[in-house]
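Numbering (our numbering), first residue to last: 39 to 866.
There's no promise every hint is true.
[Unchecked claim] Cβ-Cβ distance ranges computed for the label pairs, FRET-style: (1) T236 x A357: 17 to 27 Å; (2) H326 x P543: 34 to 44 Å; (3) T252 x S96: 31 to 41 Å; (4) F306 x V576: 52 to 62 Å.
Calculated directly from the structure, the hints in this document are not laboratory data. Glycine included, C-beta positions come from ideal geometry on N, C-alpha and C.
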Amino acid sequence: AVAIGRFNPNAYKPDIVAAVKRATGRDLALNGEIGLKASLWPTIQANDVSFANPPGFSRPQMASLQGVELQLGLLPLLSRRIDIERLVLIKPDILLETDTAGHPNWQMTPEVSPSAPAGSQAPVQSPGGTRTEVSVASIRIQDGKLAYRDDRTGKITTLGLPRLEATASSPDSPLHLDADAAYNGTGFTLAGDTGSLTRLQDPAATAPWPVKLTLAVGTTKLSADGSLTQPLQGKGYDLAVKGTVPDAAALAPLLQGFVPPPLHDVSFAAKVTDTGGSLPVVSALTLHVGPSDLSAEVHGLTLDHLDLAAAAADQPVKADAAGKLGDQPVSFAATTGPLSGLLSGAKPAPFPVDATFKAAGASVSAKGSIADVTAMTGANLALAAQIPDLSALSPLARRAMPAIKQIAFHGTLTDAAGGFRDGAALHGLSLTSTDGDLSGDAAIGLAPRTNVTAKLQSNRLDLDALQAALDQMPAAPPQTPTSAPEPPPAPPKHSQRLFSDQPIPFDLLRVADADLALSIADLRSGGANYKSIATHAVLKDGKLAVDPFAADLPGGHLAGSASADATQPAPPVRVVLRAPGLALKTVLAAAHEPSYASGNLEVYADLHGAGDSPHAIAATLDGYLGLAVAQGTIDNRLLGSLLGKVMNTLNALNLVGKGGDSELKCFGLRMDAAHGIGTIKPLAISSSLLTMTGAGTINLGEESLSLTLAPQARVAGTGVVIPLTVVGPIRDPAVKVNEAGAVEKNAGTVAGAVIGNATPLGIVGGLLGGDKVFGGKTDICPAALAAARGQAAPEGAKSEATKSEGAKSGAAKPAEVNPGALLKNLLR
Numbered sequence: 039a040v041a042i043g044r045f046n047p048n049a050y051k052p053d054i055v056a057a058v059k060r061a062t063g064r065d066l067a068l069n070g071e072i073g074l075k076a077s078l079w080p081t082i083q084a085n086d087v088s089f090a091n092p093p094g095f096s097r098p099q100m101a102s103l104q105g106v107e108l109q110l111g112l113l114p115l116l117s118r119r120i121d122i123e124r125l126v127l128i129k130p131d132i133l134l135e136t137d138t139a140g141h142p143n144w145q146m147t148p149e150v151s152p153s154a155p156a157g158s159q160a161p162v163q164s165p166g167g168t169r170t171e172v173s174v175a176s177i178r179i180q181d182g183k184l185a186y187r188d189d190r191t192g193k194i195t196t197l198g199l200p201r202l203e204a205t206a207s208s209p210d211s212p213l214h215l216d217a218d219a220a221y222n223g224t225g226f227t228l229a230g231d232t233g234s235l236t237r238l239q240d241p242a243a244t245a246p247w248p249v250k251l252t253l254a255v256g257t258t259k260l261s262a263d264g265s266l267t268q269p270l271q272g273k274g275y276d277l278a279v280k281g282t283v284p285d286a287a288a289l290a291p292l293l294q295g296f297v298p299p300p301l302h303d304v305s306f307a308a309k310v311t312d313t314g315g316s317l318p319v320v321s322a323l324t325l326h327v328g329p330s331d332l333s334a335e336v337h338g339l340t341l342d343h344l345d346l347a348a349a350a351a352d353q354p355v356k357a358d359a360a361g362k363l364g365d366q367p368v369s370f371a372a373t374t375g376p377l378s379g380l381l382s383g384a385k386p387a388p389f390p391v392d393a394t395f396k397a398a399g400a401s402v403s404a405k406g407s408i409a410d411v412t413a414m415t416g417a418n419l420a421l422a423a424q425i426p427d428l429s430a431l432s433p434l435a436r437r438a439m440p441a442i443k444q445i446a447f448h449g450t451l452t453d454a455a456g457g458f459r460d461g462a463a464l465h466g467l468s469l470t471s472t473d474g475d476l477s478g479d480a481a482i483g484l485a486p487r488t489n490v491t492a493k494l495q496s497n498r499l500d501l502d503a504l505q506a507a508l509d510q511m512p513a514a515p516p517q518t519p520t521s522a523p524e525p526p527p528a529p530p531k532h533s534q535r536l537f538s539d540q541p542i543p544f545d546l547l548r549v550a551d552a553d554l555a556l557s558i559a560d561l562r563s564g565g566a567n568y569k570s571i572a573t574h575a576v577l578k579d580g581k582l583a584v585d586p587f588a589a590d591l592p593g594g595h596l597a598g599s600a601s602a603d604a605t606q607p608a609p610p611v612r613v614v615l616r617a618p619g620l621a622l623k624t625v626l627a628a629a630h631e632p633s634y635a636s637g638n639l640e641v642y643a644d645l646h647g648a649g650d651s652p653h654a655i656a657a658t659l660d661g662y663l664g665l666a667v668a669q670g671t672i673d674n675r676l677l678g679s680l681l682g683k684v685m686n687t688l689n690a691l692n693l694v695g696k697g698g699d700s701e702l703k704c705f706g707l708r709m710d711a712a713h714g715i716g717t718i719k720p721l722a723i724s725s726s727l728l729t730m731t732g733a734g735t736i737n738l739g740e741e742s743l744s745l746t747l748a749p750q751a752r753v754a755g756t757g758v759v760i761p762l763t764v765v766g767p768i769r770d771p772a773v774k775v776n777e778a779g780a781v782e783k784n785a786g787t788v789a790g791a792v793i794g795n796a797t798p799l800g801i802v803g804g805l806l807g808g809d810k811v812f813g814g815k816t817d818i819c820p821a822a823l824a825a826a827r828g829q830a831a832p833e834g835a836k837s838e839a840t841k842s843e844g845a846k847s848g849a850a851k852p853a854e855v856n857p858g859a860l861l862k863n864l865l866r
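Model the full assembly from the supplied sequences, consistent with the hints where possible.
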């Protein structure tokens with residue numbers, strides 16, 4: 039009683055602070071009074087205690103406590119042992135953190151006596167030289183908080199400890215742990231038993247330190263049972279882990295931002311062993327997932343079960359799953375190499391793969407091996423697929439798929455020399471369906487520069503059937519806006535140019551290299567069959583060459599080539615084409631235009647220019663273009679669109695506007711271009727509605743034209759030519775009757791009757807079906823077609839317009855033309 043009455047623990051404050059400073063290199067602040075709490079056992083009580091942080095961290099204190107109670111055993115003090123019977127920490131606030139350089143604040147640096155050798159640290163001893171032993175029988179934490187802060191990201195992870203109790207009957211006895219805690223606000227309980235504190239504090243010990251822990255989050259329970267040989271370092275573990283998770287969503291708050299899929303009735307078990315590698319060895323693995331609705335991940339997908347098992351680390355892993363996609367069954371089965379093959383640092387060994395996925399009647403499989411699965415090198419996988427109806431997989435693809443039937447695919451997948459990170463290849467690929475087939479080899483290289491190579495061939499390809507399948511795809515449902523709709527963007531400003539001045543993306547030619555070869559024995563498009571199609575495209579360092587491009591068309595053999603050089607500021611472009619029979623319907627469909635005409639279009643071209651836009655290329659165009667159509671039909675609305683002003687000048691537009699088709703006997707055009715100036719001679723059309731010849735020039739740079747047109751009429755059985763001049767911008771030229779030319783070509787009163795808007799209806803009627811003769815002499819078609827084809831005109835077939843060459847038409851000086859625009863305008 040006298041000793042207790044005279045004992046003043048506050049007198050030891052300087053000694054306590056100094057001892058902590060020597061042991062940790064940090065300052066301990068005992069701001070409150072240290073006193074003895076009234077108790078049957080000596081209990082020291084302190085308030086307002088804090089432990090300093092090193093300089094450079096987010097706050098001055100690493101830890102602070104509102105209060106601490108320390109209950110000591112009396113008799114052990116006589117043997118220089120400090121037995122803490124009970125330690126209570128009241129509202130501890132501990133912040134573990136790393137600074138911007140990655141240094142942790144829990145790394146202590148004990149002070150070294152100036153007389154001690156560098157790097158040495160003497161053990162704590164009592165004044166008599168005997169080492170003092172310290173043990174704790176019971177620890178209790180009330181309303182504690184442990185947080186971790188990463189100063190590089192500013193992210194803070196918080197562990198709340200409303201209650202924690204740890205007890206041991208002696209320093210050498212097992213420790214029992216029981217806690218109520220919260221991780222980032224999600225409550226859980228932790229209970230378990232571990233080895234002794236004495237063994238925990240002995241870094242030289244090698245005996246296993248037992249661990250048995252159970253964590254519960256609501257109805258979710260996770261447990262670990264085993265041992266560690268280096269518990270403070272978390273090494274040398276050999277643990278059996280297992281868990282039951284009724285709803286995986288309950289674990290989301292504990293998974294550092296990872297949101298698990300909505301799995302239910304999950305159970306797992308495994309043995310996890312530390313063998314010194316960067317990853318543990320896993321054995322005796324089992325995983326089961328029960329019925330789960332995965333519609334949030336894949337629309338319409340439900341899981342009946344998923345099972346995964348690996349008996350040992352060196353045994354195969356087997357997986358099996360089944361469910362439904364909408365009302366269609368879905369299943370997955372796989373057998374792979376052992377889990378040990380997935381560990382980093384494992385000796386490379388062939389890793390077998392045998393997996394099959396089935397959904398909505400379709401089956402996709404992969405079978406083979408990977409030489410080094412950790413590096414993903416040495417893959418040799420046979421891929422195969424059988425898909426009765428591609429549209430049935432739309433829910434799995436999360437988008438509408440076309441109804442292509444009876445798809446079959448197989449091929450062998452291999453990686454590049456450096457693994458999949460450097461590229462991949464498909465060998466012996468074969469793709470067939472009811473609409474065609476494709477086979478060959480393809481590869482993509484990703485290093486040092488992206489390079490695509492392919493050599494493909496097809497026996498039959500029906501583009502009409504494929505397009506019909508695409509056209510029948512349902513439209514995507516409108517998305518429900520989640521917020522107020524944004525105001526519509528301002529409509530883009532369209533250039534008034536016929537040839538766009540928007541830059542052509544030549545940069546794409548500099549991104550990668552390619553070598554692509556394709557051959558098709560039979561291609562159906564636009565109702566026509568094209569045979570023996572062959573093309574070869576090579577792209578190297580920004581230079582593209584397509585040579586040849588060849589095919590057998592309904593009207594003859596097509597041959598062509600193209601090139602572009604994107605290495606130059608104004609890339610030169612050249613197109614050479616000889617196409618004696620392109621189906622007009624195919625051409626119009628490719629231009630997204632209605633089928634205004636039928637028959638075969640002949641194209642003969644050798645054109646080249648330079649520039650970074652269509653307009654720049656057109657303005658520098660050199661070469662020639664010939665277009666010809668022999669026998670076909672043409673929608674009268676197309677004639678009205680193309681020749682509206684011409685027909686209006688002849689008072690015949692009202693007849694054209696009535697629609698219907700006209701028989702097209704021939705159409706011929708020949709243009710020779712030099713530095714963007716196109717000279718047209720001739721331009722001829724012969725149909726049941728209109729017969730007309732013409733000539734002139736088009737300036738492709740200025741997009742203006744100057745043409746002389748000579749429509750033919752018939753008055754009282756006499757052929758009458760009505761010369762017209764068409765001058766001005768291509769989009770909106772001026773059309774007028776050439777009075778002088780009319781007088782010269784048609785004598786007397788006939789010429790006077792057809793000038794201006796006084797054209798009599800009899801002459802207008804003569805324009806209909808007047809394609810048999812020109813001026814009562816010669817059929818215009820042979821000469822026009824021969825000129826378009828670059829051939830000599832047949833003897834006696836030259837037209838009146840060709841003979842006169844428009845020299846006496848009185849037309850203004852010719853302007854210039856754009857072959858691409860002319861073709862577009864004639865066929866739009």
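Here is what the structure says about each hint:
no.: 1; hint: T236 x A357: 17 to 27 Å; result: 45 Å, violated
no.: 2; hint: H326 x P543: 34 to 44 Å; result: 52 Å, violated
no.: 3; hint: T252 x S96: 31 to 41 Å; result: 34 Å, holds
no.: 4; hint: F306 x V576: 52 to 62 Å; result: 54 Å, holds
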